[in-house]
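First to last, the protein sequences are chains L and A.
Start counting at 1 in the first sequence, then tack on 5, and there's your number in my numbering.
Start counting at 1 in the second sequence, then tack on 30, and there's your number in my numbering.
Since the hints were derived computationally from the structure, they do not count as laboratory data.
From a predicted model like this one, the values you see are computed outputs, not experimental measurements.
Backbone N, C-alpha and C define an ideal beta-carbon position, used for all residues, glycine too.
Among the hints, erroneous ones may be present.
[Stated by the list, open to error] Listed next, with one range per pair, are the computed distances between beta-carbon atoms:
1) L:Gln-176 with A:Leu-296: 50 to 56 Å
2) L:Glu-289 with A:Arg-221: 53 to 59 Å
3) A:Arg-206 with L:Arg-257: 55 to 61 Å
4) L:Gly-21 with A:Ala-110: 55 to 61 Å
5) L:Gly-45 with A:Pro-114: 49 to 55 Å
6) L:Tyr-312 with A:Arg-221: 36 to 42 Å
7) L:Asn-184 with A:Arg-221: 30 to 36 Å
8) L:Arg-261 with A:Arg-206: 53 to 59 Å
9) L:Glu-107 with A:Ala-294: 34 to 40 Å
10) A:Arg-206 with L:Glu-308: 46 to 52 Å
11) L:Asp-62 with A:Ile-136: 39 to 45 Å
12) L:Pro-43 with A:Ala-294: 26 to 32 Å
13) L:Ala-118 with A:Leu-296: 41 to 47 Å
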Amino acid sequence: MRGALGLHGLRKAFGGVAAVRELTLDVRPGEFLTLLGPSGCGKTTLLRLIAGLETPDAGRVVISGRDLTDAPPHRRPVNTVFQQYALFPHRTVAGNVAFGLEMAGVPRGEIAARVEAALDQVRLDGLGGRPVDQLSGGQRQRVALARALVLDPDVLLLDEPLAALDLKLRQQMRIELKNLQERLRRTFVLVTHDQDEALIMSDRLAVMSHGRLEQVGTPDEVYERPRTRFVADFLGVRNLLPATVVSAGGGRVSLRTRGGAPLVALDDGGWPREGEVWVGLRPETLRLSADGAPAGALRGTVEDEVYLGDRTEWIVRVGEEALTVSQPARGSAPVRRGDTVAVAVAPEAVLRLRDDEPGA
Amino acid sequence: MKARGQALVLLAPLAAALLALFVLPQLLMLEASLGRRSAYGLVIHDWSALNYLRALDPLYVRVLLRSLGLAVVTTALCLALGYPMAYWLARRVPRRRRSALVVLVILPFWTSFLVRMYAWVFLLRTEGLLNTALAAVGLPALNLLYNDVAVVIGQVYGELPFMVLPLYASLEKLDRTLLEAAADLGAAPRRALWRVTLPLTRAGIVAGSLLVFIPSLGAYLAPDLLGGARTVTIGTLIQSQLVVARDIPFGAALSFVLTLVVVALLVAFRRPLRSTWSA
Numbered sequence: 006m007r008g009a010l011g012l013h014g015l016r017k018a019f020g021g022v023a024a025v026r027e028l029t030l031d032v033r034p035g036e037f038l039t040l041l042g043p044s045g046c047g048k049t050t051l052l053r054l055i056a057g058l059e060t061p062d063a064g065r066v067v068i069s070g071r072d073l074t075d076a077p078p079h080r081r082p083v084n085t086v087f088q089q090y091a092l093f094p095h096r097t098v099a100g101n102v103a104f105g106l107e108m109a110g111v112p113r114g115e116i117a118a119r120v121e122a123a124l125d126q127v128r129l130d131g132l133g134g135r136p137v138d139q140l141s142g143g144q145r146q147r148v149a150l151a152r153a154l155v156l157d158p159d160v161l162l163l164d165e166p167l168a169a170l171d172l173k174l175r176q177q178m179r180i181e182l183k184n185l186q187e188r189l190r191r192t193f194v195l196v197t198h199d200q201d202e203a204l205i206m207s208d209r210l211a212v213m214s215h216g217r218l219e220q221v222g223t224p225d226e227v228y229e230r231p232r233t234r235f236v237a238d239f240l241g242v243r244n245l246l247p248a249t250v251v252s253a254g255g256g257r258v259s260l261r262t263r264g265g266a267p268l269v270a271l272d273d274g275g276w277p278r279e280g281e282v283w284v285g286l287r288p289e290t291l292r293l294s295a296d297g298a299p300a301g302a303l304r305g306t307v308e309d310e311v312y313l314g315d316r317t318e319w320i321v322r323v324g325e326e327a328l329t330v331s332q333p334a335r336g337s338a339p340v341r342r343g344d345t346v347a348v349a350v351a352p353e354a355v356l357r358l359r360d361d362e363p364g365a
Numbered sequence: 031m032k033a034r035g036q037a038l039v040l041l042a043p044l045a046a047a048l049l050a051l052f053v054l055p056q057l058l059m060l061e062a063s064l065g066r067r068s069a070y071g072l073v074i075h076d077w078s079a080l081n082y083l084r085a086l087d088p089l090y091v092r093v094l095l096r097s098l099g100l101a102v103v104t105t106a107l108c109l110a111l112g113y114p115m116a117y118w119l120a121r122r123v124p125r126r127r128r129s130a131l132v133v134l135v136i137l138p139f140w141t142s143f144l145v146r147m148y149a150w151v152f153l154l155r156t157e158g159l160l161n162t163a164l165a166a167v168g169l170p171a172l173n174l175l176y177n178d179v180a181v182v183i184g185q186v187y188g189e190l191p192f193m194v195l196p197l198y199a200s201l202e203k204l205d206r207t208l209l210e211a212a213a214d215l216g217a218a219p220r221r222a223l224w225r226v227t228l229p230l231t232r233a234g235i236v237a238g239s240l241l242v243f244i245p246s247l248g249a250y251l252a253p254d255l256l257g258g259a260r261t262v263t264i265g266t267l268i269q270s271q272l273v274v275a276r277d278i279p280f281g282a283a284l285s286f287v288l289t290l291v292v293v294a295l296l297v298a299f300r301r302p303l304r305s306t307w308s309a
């Protein structure tokens with residue numbers, strides 16, 4: 006039960022503006038869960054509700070089997086790595102890490118040993134005596150991590166911990182954080198707006214929008230089967246098209262986009278028999294060819310070409326739709342602006358997307 | 031070099047004013063303090079350290095210690111009253127209402143210190159407002175005026191803004207997330223106050239305390255008006271030497287001793303003060 010986190014029907018509004026609406030989520034012990042969403046989606050508020058830094062308007066927060074909804078932050082077995090780290094400027098590195106242990110009344114000799122072990126864990130050994138204002142961004146981030154982890158929290162909360170680091174360090178820290186979590190087997194709840202971060206580190210990710218959960222699942226589930234238009238859009242499904250179901254049967258669903266392009270999708274049971282649906286196509290699942298189009302491919306005209314180093318993106322006009330197609334830079338067809346091309350769509354790559362939640 | 035030249039130009043007026051109005055008078059005073067009083071209250075310029083030896087007389091040392099004691103009590107009371115007030119202003123009052131309340135803190139400066147001290151005389155004297163109120167509810171009158179209590183009341187009232195303003199400044203810029211971090215790490219609000227808020231506002235505490243302590247130490251008006259004849263402080267002593275006893279050299283020597291005490295204090299507290307200015 007230790008490390009389990011239950012959020013039941015949480016609601017929080019600030020001055021009449023809802024930040025979190027009726028949110029229910031269970032985090033398993035030892036799980037790395039990421040709250041992913043754009044700024045203003047309520048993910049940081051949710052984290053603060055777990056930490057006790059905000060009080061919910063309704064709902065319960067259950068940590069390690071205990072209902073701690075009304076417990077103040079200092080009585081929760083939860084610690085936070087703050088976005089700007091919030092290190093105490095009047096204390097050294099070791100003093101920062103020792104703070105929580107001092108508050109818990111741990112004997113002095115034990116504090117020294119545990120601080121040292123915690124600094125070791127984040128590879129800051131030997132820097133204990135430094136004032137925190139003499140540290141680099143990456144080192145400050147590690148101090149914040151050590152300061153929280155030294156208390157051995159049931160749940161560790163991380164509020165955009167990598168946002169302030171440069172790209173290279175960020176990429177390195179993603180792996181390091183994930184490894185640390187796997188070694189410690191502690192529950193981590195991380196907040197980020199960076200989908201790569203979420204996909205790389207999480208056991209499960211929860212995509213948030215407008216104070217609600219849009220989808221909760223493993224990274225591959227969410228990436229490959231985005232449930233809603235919002236999730237698909239946020240995770241890089243660039244082609245979002247309204248379409249009508251023309252016919253269904255034999256494991257296939259025939260669709261026609263509003264722009265008039267015919268599509269065939271694999272019928273996995275999630276499709277309606279008729280009516281309007283939203284369809285998503287990832288640019289990298291589409292195949293572009295100059296001529297000799299395979300049967301069933303869409304015909305269109307290249308409107309634009311964007312070279313991105315490892316890949317090239319084409320904007321192809323198909324009837325009324327402008328589709329984005331992405332191909333690896335090497336071995337892709339020699340296609341130029343104005344060319345007539347064929348875009349092949351594999352039936353299993355046609356994603357059925359639900360509409361956003363009402364009120365979103 | 032250019033920045034240096036600019037600094038010289040910008041600071042020249044102040045430097046000239048300080049030279050003419052502070053350094054020169056101090057030198058003149060130093061010279062006078064080494065002299066001797068003439069029969070007509072003028073200065074005879076034969077240099078000796080006699081006035082300084084006289085200042086070491088237990089009688090005068092006791093006056094200095096008394097003044098130090100009054101200044102310490104004044105500073106402590108200002109801190110005790112000012113910290114909660116500054117805390118409330120900086121951390122509890124909504125931002126848009128703060129500046130109006132800060133104006134209230136400095137509002138007393140619109141009236142001269144002298145007038146405000148006289149106001150206290152009217153409040154505290156035997157037939158004053160306070161005793162009239164006590165009599166109205168059938169309580170005996172209190173001896174509130176012309177004692178040390180009255181001096182401290184007047185000083186605390188007069189110096190309180192000098193304590194509140196630096197405290198307010200340091201509390202206002204204290205990062206709120208540090209207190210959230212303290213709570214998150216297990217500190218109950220009271221412990222966070224002692225372990226995070228107070229240490230991080232130390233610069234404001236030191237600055238405010240010095241701003242109150244230094245003028246309190248040399249205070250003249252409040253002891254003179256509220257303390258009456260029995261309360262001798264270094265301020266009233268210097269005044270009486272210069273004006274009543276017409277002993278300019280000894281008054282100058284006492285003034286110099288006071289200046290040295292203040293300088294010693296500034297040196298002792300230079301480190302926390304430096305962090306006030308760099309933070």
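Tested hints:
Between Gln-176 of chain L and Leu-296 of chain A the Cβ separation comes to about 52 Å, which falls inside the hinted range of 50 to 56 Å. For the hinted restraint 53 to 59 Å between Glu-289 of chain L and Arg-221 of chain A, the CB-CB distance of approximately 54 Å keeps it satisfied. A C-beta distance of roughly 58 Å is found between Arg-206 of chain A and Arg-257 of chain L, which places it inside the suggested range of 55 to 61 Å. Judged by the Cβ atoms, the range 55 to 61 Å given for Gly-21 of chain L and Ala-110 of chain A is violated: they are separated by roughly 40 Å.
A C-beta distance of roughly 37 Å is found between Gly-45 of chain L and Pro-114 of chain A, which places it outside the suggested range of 49 to 55 Å. At roughly 59 Å, the beta-carbon separation of Tyr-312 of chain L and Arg-221 of chain A lies outside the given 36 to 42 Å, and the hint is violated. Restraint check, Asn-184 of chain L to Arg-221 of chain A: a C-beta distance of roughly 34 Å satisfies the suggested window 30 to 36 Å. Restraint check, Arg-261 of chain L to Arg-206 of chain A: a C-beta distance of roughly 56 Å satisfies the suggested window 53 to 59 Å.
Judged by the Cβ atoms, the range 34 to 40 Å given for Glu-107 of chain L and Ala-294 of chain A holds: they are separated by roughly 35 Å. Remark: the range hint 46 to 52 Å for Arg-206 of chain A to Glu-308 of chain L is upheld by a beta-carbon distance near 51 Å. Checked against the hint of 39 to 45 Å, the C-beta distance between Asp-62 of chain L and Ile-136 of chain A comes to roughly 40 Å, which is consistent with it. For the pair Pro-43 of chain L and Ala-294 of chain A, the supplied restraint of 26 to 32 Å is violated, since their beta-carbon distance comes to about 60 Å.
Taken as a hint, the range 41 to 47 Å holds for the pair Ala-118 of chain L and Leu-296 of chain A, whose Cβ atoms sit roughly 42 Å apart.
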